[in-house]
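These protein sequences, in sequence, are chains A, B, C and D. Residue 438 in our numbering sits at position 435 of the first sequence; the count goes up by one each step and never skips. Residue 199 in our numbering sits at position 196 of the second sequence; the count goes up by one each step and never skips. Residue 395 in our numbering sits at position 392 of the third sequence; the count goes up by one each step and never skips. Residue 208 in our numbering sits at position 205 of the fourth sequence; the count goes up by one each step and never skips.
Calculated from the structure, these hints are not laboratory results. Hints may be right or wrong, so weigh each one.
[What the hints assert, rightly or not] Derived SDA-like pairs: lysine to any residue, alpha-carbon spacing no greater than 25 angstroms straight-line:
#: 1; chain 1: A; residue 1: Lys375; chain 2: D; residue 2: Arg301
#: 2; chain 1: A; residue 1: Lys347; chain 2: D; residue 2: Glu272
#: 3; chain 1: C; residue 1: Lys125; chain 2: D; residue 2: Glu157
#: 4; chain 1: A; residue 1: Lys341; chain 2: D; residue 2: Glu302
#: 5; chain 1: B; residue 1: Lys51; chain 2: B; residue 2: Tyr74
#: 6; chain 1: B; residue 1: Lys210; chain 2: C; residue 2: Asp328
#: 7; chain 1: A; residue 1: Lys341; chain 2: D; residue 2: Lys19
#: 8; chain 1: C; residue 1: Lys212; chain 2: B; residue 2: Tyr74
#: 9; chain 1: C; residue 1: Lys376; chain 2: B; residue 2: Glu91
#: 10; chain 1: C; residue 1: Lys212; chain 2: B; residue 2: Glu345
#: 11; chain 1: C; residue 1: Lys341; chain 2: B; residue 2: Arg301
#: 12; chain 1: A; residue 1: Lys125; chain 2: B; residue 2: Lys51
#: 13; chain 1: C; residue 1: Lys121; chain 2: D; residue 2: Ile102
#: 14; chain 1: B; residue 1: Lys376; chain 2: C; residue 2: His160
#: 15; chain 1: D; residue 1: Lys19; chain 2: A; residue 2: Arg329
#: 16; chain 1: B; residue 1: Lys163; chain 2: A; residue 2: Asn101
#: 17; chain 1: A; residue 1: Lys66; chain 2: B; residue 2: Arg301
#: 18; chain 1: D; residue 1: Lys284; chain 2: A; residue 2: Gly304
#: 19; chain 1: A; residue 1: Lys125; chain 2: B; residue 2: Gly147
#: 20; chain 1: D; residue 1: Lys19; chain 2: A; residue 2: Asn101
#: 21; chain 1: D; residue 1: Lys125; chain 2: C; residue 2: His160
#: 22; chain 1: B; residue 1: Lys210; chain 2: C; residue 2: His160
[Unchecked claim] A short, non-exhaustive set of chain D residues, derived as facing chain C with CB atoms under 8 angstroms:
#: 23; residue: Val90
#: 24; residue: Ile96
#: 25; residue: Phe97
#: 26; residue: Thr100
#: 27; residue: Glu124
#: 28; residue: Gly127
#: 29; residue: Ala128
#: 30; residue: Ile129
#: 31; residue: Phe130
#: 32; residue: His141
#: 33; residue: Ile213
For glycine and all other residues, C-beta sits at the position ideal for the given N, C-alpha and C.
Each chain, letter by letter, is given below.
There are 4 protein chains.
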Amino acid sequence: MFKHECGVVGIVSELKNTSYDLYFALRSLQHRGQESAGITVYDGKSMKTIKGMGLVDEVFGVKELMELKGYKGIGHVRYSTTGKSTVENAQPIFARTNIGHFALVHNGNLINYRKLRKGLEKRGAIFLTDSDSELILHLLAFSGQSDIISALKEILHKVKGAFSFIIMTPDLMLGVRDPYGFRPLVLGETEHGPILASESCAITLLKGKIVRDINPGEVVVIQNKGNINSFYFDSPTPKMCIFEYIYFARPDSYIFGQNVHEFRVKLGEQLAKEVSIDADKIIPIPDSGISASLGFSRESGIPYDRGLIRDHYTGRTFINPSPKDRSFKVRMKLNPIKSTIEGKKIILLDDSIVRGTTSKIIINLIREFNPKKVVFLSASPMIKNPCYYGIDTPSRNELIAAKKTNEEIRKYLNADELHYLSLEGLKKIAGTRCDSFCYACFNGEYPVKADYSGLSKNIKACEGKQIKLF
Amino acid sequence: MFKHECGVVGIVSELKNTSYDLYFALRSLQHRGQESAGITVYDGKSMKTIKGMGLVDEVFGVKELMELKGYKGIGHVRYSTTGKSTVENAQPIFARTNIGHFALVHNGNLINYRKLRKGLEKRGAIFLTDSDSELILHLLAFSGQSDIISALKEILHKVKGAFSFIIMTPDLMLGVRDPYGFRPLVLGETEHGPILASESCAITLLKGKIVRDINPGEVVVIQNKGNINSFYFDSPTPKMCIFEYIYFARPDSYIFGQNVHEFRVKLGEQLAKEVSIDADKIIPIPDSGISASLGFSRESGIPYDRGLIRDHYTGRTFINPSPKDRSFKVRMKLNPIKSTIEGKKIILLDDSIVRGTTSKIIINLIREFNPKKVVFLSASPMIKNPCYYGIDTPSRNELIAAKKTNEEIRKYLNADELHYLSLEGLKKIAGTRCDSFCYACFNGEYPVKADYSGLSKNIKACEGKQIKLF
Amino acid sequence: MFKHECGVVGIVSELKNTSYDLYFALRSLQHRGQESAGITVYDGKSMKTIKGMGLVDEVFGVKELMELKGYKGIGHVRYSTTGKSTVENAQPIFARTNIGHFALVHNGNLINYRKLRKGLEKRGAIFLTDSDSELILHLLAFSGQSDIISALKEILHKVKGAFSFIIMTPDLMLGVRDPYGFRPLVLGETEHGPILASESCAITLLKGKIVRDINPGEVVVIQNKGNINSFYFDSPTPKMCIFEYIYFARPDSYIFGQNVHEFRVKLGEQLAKEVSIDADKIIPIPDSGISASLGFSRESGIPYDRGLIRDHYTGRTFINPSPKDRSFKVRMKLNPIKSTIEGKKIILLDDSIVRGTTSKIIINLIREFNPKKVVFLSASPMIKNPCYYGIDTPSRNELIAAKKTNEEIRKYLNADELHYLSLEGLKKIAGTRCDSFCYACFNGEYPVKADYSGLSKNIKACEGKQIKLF
Amino acid sequence: MFKHECGVVGIVSELKNTSYDLYFALRSLQHRGQESAGITVYDGKSMKTIKGMGLVDEVFGVKELMELKGYKGIGHVRYSTTGKSTVENAQPIFARTNIGHFALVHNGNLINYRKLRKGLEKRGAIFLTDSDSELILHLLAFSGQSDIISALKEILHKVKGAFSFIIMTPDLMLGVRDPYGFRPLVLGETEHGPILASESCAITLLKGKIVRDINPGEVVVIQNKGNINSFYFDSPTPKMCIFEYIYFARPDSYIFGQNVHEFRVKLGEQLAKEVSIDADKIIPIPDSGISASLGFSRESGIPYDRGLIRDHYTGRTFINPSPKDRSFKVRMKLNPIKSTIEGKKIILLDDSIVRGTTSKIIINLIREFNPKKVVFLSASPMIKNPCYYGIDTPSRNELIAAKKTNEEIRKYLNADELHYLSLEGLKKIAGTRCDSFCYACFNGEYPVKADYSGLSKNIKACEGKQIKLF
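Build out the structure end to end from the sequences listed, making use of the hints.
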């Protein structure tokens, strides 16, 4: 079964052609998935899909966008995982069923996928892909209902886990968010009609206004003329993913009702309140540590400086001169500034520590330039548990904080000091919304009751990934 | 619904890696489909598929063949049609069902596809592709049977039309041919195990021996160790496609028990018996008219000569200097030899006349070089009816012989004389097997009872196509 | 130093844009060179060049042709040789010199290249490429003359060897052929102006008329308005390359004043007069053996038949399943027809035997299908000497006929009989023009006096090459 | 003639293969040129070059690096300009001459290129490219000297302008910098031998140590064993390009003896001393304004914040939905953070203002989010004059500061306030080295005496370019 983070978008427009807007929206969501990209449009008669492996720009050019004629459409980017990254699993997924033609894009992870699939197979369903999305389409077709609204009401109680998805039918576009609201889904309004997107940055790029989040447990229904209704299929018990704020979303996005950069600045401020460090400067690991480092600097008074210049040309293909030396890739991407480092007591700050491998490489790289001291800060608490709700974390025994103490990790990283933000501190930033977030990766309290021991982890570390972009 | 000609292959081998053999087999079947290519292999644990748009060589390189590990596998090439040529429709198609994992490749056309799909949709099936193959997989999953053999016996009575398909399961490989045997399917034996293929040329290339045709109405069952059994799901009433002999198959192939080149030579000989022409030489339209022209020359005594040199570099992309002038593409592909033509009474021979457009262009091209006379021969009878059994002919009102008399066609083509092989002549060549062939495109007698008026034609002319290769 | 066969074209047109015509002309000359392709155009102000590695269609698309604006231009295709195949050596070559801007395309081989280069280097010339063309440009610049005509008159006595080249200046287009006329160069006239091309097929494709050959020792000068003059820089002593007729040129071309197919038919007829063979049929090695086989069949009465079907999809990249087994590539390209071969006494005919490797593989492939007898015919005499005049033959010790007797070669090839056309027979076909041809590869009588022992051979076998196309 | 900024590198190594190191060095210099990339290596016997259009990663893969065997080599990246961007002009350029085989890479611009070329053409030289590099090779060949050192001594007085180049011969590698030292050239030492590079970042990436700058007027000579000597061909009168510090070089590089980031921080500090602004925060235009903004914040006490998030996926191909609206490209690249901007008095800082077009688009983009005030700062003085020394600036009438007053520019940009760093302030930062820099783009005092009115400008704006990377 698939575990990944994804980005989704849906646009209904008074214009004849939405493919360009969908393309630009997907580009702004590119950080949520670099494995594959796809768009399905509807022109009033039929649906047309183009999808493929690669970045949005690799899949779509002018030719493709010209072919995708339609006044409404949905789009998807998917995050790269090892193994099952094939074009069959790319989205949108389109199907003809007894209750109509549907196209669907999905962000999340259904934790009872296997059980549901077994049940459907017994009833005669055949599965051509590995994706949650096909499962949802089967459930709709087997619902016994004759229209999509009734079918959704029927099946949304059956699927467990994290899901934010958009379904397009000839008549409607529907945005659905699970009762816990793990993954974001925002409603916006552009000059030409409504838009649904994983993050508000897609709305802003298209010069639209953010209307509101789709609420946990809510289905928003958009007519072809742009009229919008909604209903709740379940009572909301929000457990939104705090990691979207910490790392995943773009700093300029508003999700869960708050700006991401602002939240990260507060992470740094809170961390500065929790620790007291003797240092000459704080240097962010670019780009994911920048916002929290600014907050830390403001609160602590320790000057913020650049110490690592990120190479923007680091492409997708990496030629490693000595495969044994895994550090060279980091070396190519992050270039230390000697004059900032030499003889100085410096703090390095990153958003989080997952496996610790990259952090260790960065610290050793910094040490080549003879700092007096290297302190490492994590702007989030210790990650001790895997995520089953749509983020692609490693299994528990690869999570460094699941196995080692703070002191053991510090030694491993070769840091002079190591500090994590406390869970309490994190909750303090969340403030009154404190109970509306999922902290399972930190404290192991999984909101959805399930037997997690049996769930396989098909994943890749967050750390050091190419996607640390903002 | 899809109409196309395809090529299929299945190999069970004692070797660990069949992907190379599958690749070479597909290359030898390339003339049966240039739109997409695909291979699925099974390594004893799981199935892996690689498929894509384009020629076999565009989809598969060493990298892909190395990834496809497996001791058995199936492959497919599909013919390009307009419209629905998307990677979703590429084959093999793989599915997980309640009775196991299947991969399937298919050549043919199910004429009751829509009716069956409607029925399946009512039962909850969802369709992700347009292909007959997905339909067959759904039928198997809904059969109520618990094993593939029983399921096949259950469903093969339900599908009507032309089908030669190969199913691969973890335990078996099954070759199936419809009771009419419209499309060929040949069983062979290489040094390393059995092979199923649309045409014998794939078997010969792999240094194998042709064993026999899969019979109409027969299912051949190959065990993983190579043991072969078979059963009949219906009594054979062969109506094999005579057009496979006339045009589609490779001249070196043996299909329906006879060599294709040999059959075509007889077409020319018979034509020479039927007509009497005053001419200096006979010139084939290369390459499809060569064999019949040799036969004509032998029987008539009129010398065979080259008069049109085919340009082998004519690539897939065509740059047209004057889009209005459709003749330039023919001009680039076929280069007349002035010294052969000038002042001579020449006969041009092609395998068939479909729309007449290309034939007309060729005759006018020849006339630039001042022949004394141009006679045009068709080595097959007048094509008056579309094919519903897997060959991609145009709809009736585009078939020149459906609307015009011989004299009208002659004028249209700008020929001095025009002769077709007679249907009686064609049957004479078929000899004792005369009743075992389908002549529907000539005489409108469709072997399968159905309401053809309702069937859409999603097609492209055979004439002038890039695929006239042999 | 470079040895290769190439194709050249030059067009002066009343139309504003010649790039399309140049492109189509180059495509028709593609058989003369598949390594690189290039076009230079002049628009009245400046020259623009696009060139690259690969086939004409790989280098030029609509985008490139749109960029190449100009009312006149020259083009080039180059044959692939090992080693020095880099884009620097692609042509046209363009240079600014003291006597103006020139672009040049060249077909041939200057046997005193090294000596001339040494001399030029001593005078300060620097060489950026390996090509004869750059040398010619240097000679022009160092000529001490102030205009191109005078410079040409000055230098053409210095270069020795085979050369047919076209020079474009802002004011003129000049076609030059060496006094021996080794390589062809034809003048034609289209609706829009004059054209120079290696073979007439380029002229015919553009609906032009063949005017005449540029004569050996002649320079044809074309003004921008299309007016044509000419002068002789040396007295013609024609020694035209007989191998252009035997193998290299396209069958539909007229070169050296005669049609190529016609000449090849006569090769077969003459061979039939020289040998008497007991056989059921003659089968050509496609496509290079077809014309001569027709001639042999006509003269001998032995029926002509197809026995090897050529696979047109054999692409440029070849995946070899067992690198040790070099025969597989031949197997993929040439597919025997069992019914034609089995139990028959067959004659195989090819245009020539160079190394013998491919001929041997073909005979053994044929023997798999149990012929009663296999006779092998070469439509040209024994090739015993390398060519120094622009054809890419192997060095002497790779030429099978240089080392072995007829009987030894027959044994090597595994043929039951082996016959070559006699040199006398070949000369008989040349007829009254008998002394106007170079037969050096057969008899070692090199027309240009030089020390050939010191010339390196940078070459590749003609046999079994991809370029045997017609 | 060509005007561009480029990056060069040369490595002599005790290892057998330097191609990987050259590749990595070129990647670290990628910001200096994105048009083409090339490498020439010498293996003790011959030189081999691979070069092509595109980024380093587009030209070089593992295959290319494997082909480039050699213990020493040179590499080049070139900046994209309009018009003459063809592969002929890519470097290294390789030539055979009377004094040996040379490969050369060059960064700079020879202002007497035309005059020198005319002179060389009169002596018989032909020019195959537009590049300064070919000119230098011709000069060497015509020098009348018999060895490279003597030849260099002879010719380096003749070339005027900016040049930092590296020549590789079978015996030597030579690094040359013009007497003014316009362009940087640094000598380093890695574990395996010496290295020459445009910027120190290439040395640091390869874990080498910076030894020193090649001095203005100096030639450094590296033997194959790594021994290093040097001589001066002219007395140094340093006029180093101050714009390398302001914008062009990488922040982590040390050039002209100082760290670039450090210099830029001082630009911001000095600017803060010169102006007094009422503002809530300073926001850099990423990435080129970051370092100076940090300096400004430190000196002024105005908080530094992120307000524009740079999209790292902005690829090379840009699909513009409404070509008239040129602002969309900026919108895709720079994403404003509403919460940072709304209701705030903000300062935007960029390294410089060239045409003003992009600055204006950014300010209007910011204004969509309702700031209370927008102040725009340029961290360099007003650019009023084009550069003739190797940086690709627009012609004078496109430079906004050449035509408009500060107040006119402020209005054009739609800023509430606009401030430039003063030239005096810039010189103050340069400190004691104040007279060693060229400020011609600011004050028009061109160090090299020449008639600049006649020099054409073949250029593109610096502003808004893709290459503002750091």
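Here's how the hints hold up against the structure:
no., hint, in the structure
1, A/Lys375 to D/Arg301, "holds (23 angstroms)"
2, A/Lys347 to D/Glu272, "holds (21 angstroms)"
3, C/Lys125 to D/Glu157, "holds (18 angstroms)"
4, A/Lys341 to D/Glu302, "holds (22 angstroms)"
5, B/Lys51 to B/Tyr74, "holds (12 angstroms)"
6, B/Lys210 to C/Asp328, "holds (13 angstroms)"
7, A/Lys341 to D/Lys19, "violated (30 angstroms)"
8, C/Lys212 to B/Tyr74, "violated (60 angstroms)"
9, C/Lys376 to B/Glu91, "violated (51 angstroms)"
10, C/Lys212 to B/Glu345, "holds (14 angstroms)"
11, C/Lys341 to B/Arg301, "holds (20 angstroms)"
12, A/Lys125 to B/Lys51, "holds (24 angstroms)"
13, C/Lys121 to D/Ile102, "holds (11 angstroms)"
14, B/Lys376 to C/His160, "violated (51 angstroms)"
15, D/Lys19 to A/Arg329, "holds (22 angstroms)"
16, B/Lys163 to A/Asn101, "holds (22 angstroms)"
17, A/Lys66 to B/Arg301, "violated (52 angstroms)"
18, D/Lys284 to A/Gly304, "holds (16 angstroms)"
19, A/Lys125 to B/Gly147, "holds (10 angstroms)"
20, D/Lys19 to A/Asn101, "violated (67 angstroms)"
21, D/Lys125 to C/His160, "holds (23 angstroms)"
22, B/Lys210 to C/His160, "violated (58 angstroms)"
23, Val90, "holds (6 angstroms)"
24, Ile96, "holds (7 angstroms)"
25, Phe97, "holds (7 angstroms)"
26, Thr100, "holds (5 angstroms)"
27, Glu124, "holds (4 angstroms)"
28, Gly127, "holds (4 angstroms)"
29, Ala128, "holds (7 angstroms)"
30, Ile129, "holds (4 angstroms)"
31, Phe130, "holds (4 angstroms)"
32, His141, "holds (6 angstroms)"
33, Ile213, "violated (34 angstroms)"
In summary, the structure is inconsistent with hints 7, 8, 9, 14, 17, 20, 22 and 33 from the numbered list given earlier, while agreeing with the others.
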